[in-house]
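**Q** Sequence:
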Amino acid sequence: MQSQNSQQIHTQNTLFNAAGEGFWGFAMAFHNMNSVIPMFLAQMGASAFILGLIPGGFILLVALPQLLSANLFHQSPHIKWLNIGLHFAMAPIAFLIGLAFYYFEFVGQTGIMIYLILWVIWSLGVGFLVPVWADFLASVTVAGRRGRFFGITFTVNAILGMVGGYVLKEVLSMDSLSFPSNFGVAFLIMTLAILAGNTFFIFMRVIHPPPLKQEQVDRWWKRLKTIYTQDRNFRNYIFSRALAAATMMPLAFYGVDLQSRFDLPLSSAGTFTFFLVVGQAIFNIVFGYIGDIYGRKMAISGFFIGHLLAGLTAILATEPWMAYLAFVFVGMGFGAGQSSFMVFVYEFAGELGDRKLYYAALDTAVAPFIVVYISVAGLLVEAFGTIPLYALSLSFVVAGLLVFIYKVEAPTTS
Numbered sequence: 119m120q121s122q123n124s125q126q127i128h129t130q131n132t133l134f135n136a137a138g139e140g141f142w143g144f145a146m147a148f149h150n151m152n153s154v155i156p157m158f159l160a161q162m163g164a165s166a167f168i169l170g171l172i173p174g175g176f177i178l179l180v181a182l183p184q185l186l187s188a189n190l191f192h193q194s195p196h197i198k199w200l201n202i203g204l205h206f207a208m209a210p211i212a213f214l215i216g217l218a219f220y221y222f223e224f225v226g227q228t229g230i231m232i233y234l235i236l237w238v239i240w241s242l243g244v245g246f247l248v249p250v251w252a253d254f255l256a257s258v259t260v261a262g263r264r265g266r267f268f269g270i271t272f273t274v275n276a277i278l279g280m281v282g283g284y285v286l287k288e289v290l291s292m293d294s295l296s297f298p299s300n301f302g303v304a305f306l307i308m309t310l311a312i313l314a315g316n317t318f319f320i321f322m323r324v325i326h327p328p329p330l331k332q333e334q335v336d337r338w339w340k341r342l343k344t345i346y347t348q349d350r351n352f353r354n355y356i357f358s359r360a361l362a363a364a365t366m367m368p369l370a371f372y373g374v375d376l377q378s379r380f381d382l383p384l385s386s387a388g389t390f391t392f393f394l395v396v397g398q399a400i401f402n403i404v405f406g407y408i409g410d411i412y413g414r415k416m417a418i419s420g421f422f423i424g425h426l427l428a429g430l431t432a433i434l435a436t437e438p439w440m441a442y443l444a445f446v447f448v449g450m451g452f453g454a455g456q457s458s459f460m461v462f463v464y465e466f467a468g469e470l471g472d473r474k475l476y477y478a479a480l481d482t483a484v485a486p487f488i489v490v491y492i493s494v495a496g497l498l499v500e501a502f503g504t505i506p507l508y509a510l511s512l513s514f515v516v517a518g519l520l521v522f523i524y525k526v527e528a529p530t531t532s
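Residue numbers for the sequence shown follow this note's numbering, so the first one is 119 and each next one is one higher.
If you're looking for bench data, these hints aren't it; they were derived computationally from the structure.
Take these hints with a grain of salt, some might be off.
[Stated by the list, open to error] Pairwise CB distance ranges (calculated):
(1) 324 <-> 525: 32 to 38 Å
(2) 125 <-> 239: 39 to 45 Å
(3) 242 <-> 502: 39 to 45 Å
(4) 379 <-> 516: 39 to 45 Å
(5) 223 <-> 196: 39 to 45 Å
(6) 350 <-> 327: 28 to 34 Å
[To be verified] Below, a list of computed lysine to aspartate or glutamate pairs in the EDC-like style, where the Cα atoms sit at most 16 Å apart:
(7) 525 <-> 349
(8) 415 <-> 465
(9) 415 <-> 527
Think of the CB as a built atom: it goes at the ideal place given N, C-alpha and C, for glycine as much as any other residue.
Construct the entire structure; sequences and hints are all you get.
**A** Rendered as structure tokens:
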């Protein structure tokens, strides 16, 4: 009876989470770090170095506060309300971004600086949220159905992201809105969607709260050291993900490069986002089910393959439709990762383990590699162009895939 009740709550949570994440998917179409923001900054005259910082820099900044967040909330029983509160805290930041470019209309170097300051605050806020959010999703799901939970959730996220990409294209095409007010309107729409999406999390119910130990626990750095030194399989996984983080290098340049190569309008930022989330919509659900049925390793392999195909397509693109196809493949990589990355970390930690700390341990260990990648990306593009950057990224991704296939074993769940 208890198992049946848990299954029912899991199903209800899936619906509410899909609705909430759907609105977040719609919102993030207006602030996509891989298509919209690089083109937005390029329009204001940002250098290739700054453009190269955006996707990878976002991941890096997200990683920075995760250990603090994981340690701060390690013993908190209020995982649901922490998650809701931190989600709502993101809305004022989004509003300030919209206000800066719709009302104040900052442009040029001032606009770039204002955006980057708010971007840093936004990214750190996401990083503070991520360990709590990851633990919350583990607490509201049944272990054997998590792949499908994430697959369904992020498919709805991507479908509404497609809608958001279309709306963004229309907003950027409006003659009554000039640059940067058109982007400011987009960011304000993002704010409203965030507020709407957060309300659905209120109705979700915790199935099994995070385990709380009453005895004195080791300090967080001792627990972190134990994870790094004693879990060899997890170290191998970290190394494969560190190599694969080279996918950050070309992401900021796909849109800018392909728009310039085929002389596409600025509104193509919305079109690229549309096709990116088409790929996410399809492959979230595909790899979610593959992960549950055939194993998480097979699903995560789709992350590597998607980014490999994206890079190859960008190198070979000779027609506009190939530019759109490249973003579909980027979406494939994201879809495979979204449906399985978090669940894979849950499996390393175990049902009674410290999921927050494992998640933070992964992102923190990968962060130094991202620093190198994003530092090199812009300089490489300025000196040699985008094609050598794409080729270099592909070589790292292939190496990461080989490490993942041959050195990482699927963790035993307990």
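**Q** Does 32 to 38 Å hold as the CB distance between residue 324 and residue 525, or does it fail?
**A** This hint holds: roughly 36 Å between Cβ atoms.
**Q** Holds or violated: residue 415 with residue 527, Cα cutoff 16 Å?
**A** The given pair, whose Cα atoms are some 8 Å apart, holds under the 16 Å limit.
**Q** Next pair to validate is residue 525 with residue 349; report whether the Cα-Cα distance is within 16 Å.
**A** Holds - the C-alpha atoms of residue 349 and residue 525 are around 13 Å apart, at most 16 Å.
**Q** CB of residue 125 to CB of residue 239, is that within 39 to 45 Å?
**A** holds, 40 Å
**Q** Does the structure keep residue 415 and residue 465 at a Cα separation of 16 Å or less?
**A** holds, 12 Å
**Q** A range of 39 to 45 Å was offered for this pair. Does it hold for the Cβ distance of residue 379 and residue 516?
**A** violated, 25 Å
**Q** Within 28 to 34 Å: is that where the Cβ-Cβ distance between residue 350 and residue 327 falls?
**A** holds, 30 Å
**Q** How does the Cβ-Cβ distance of residue 242 and residue 502 compare with 39 to 45 Å: does it lie in that range?
**A** Hint violated: Cβ distance 32 Å, outside 39 to 45 Å.
**Q** Evaluate the given range 39 to 45 Å for the C-beta pair formed by residue 223 and residue 196.
**A** holds, 41 Å
In terms of the numbered hints stated before, the structure departs from hints 3, 4, listed from lowest to highest.
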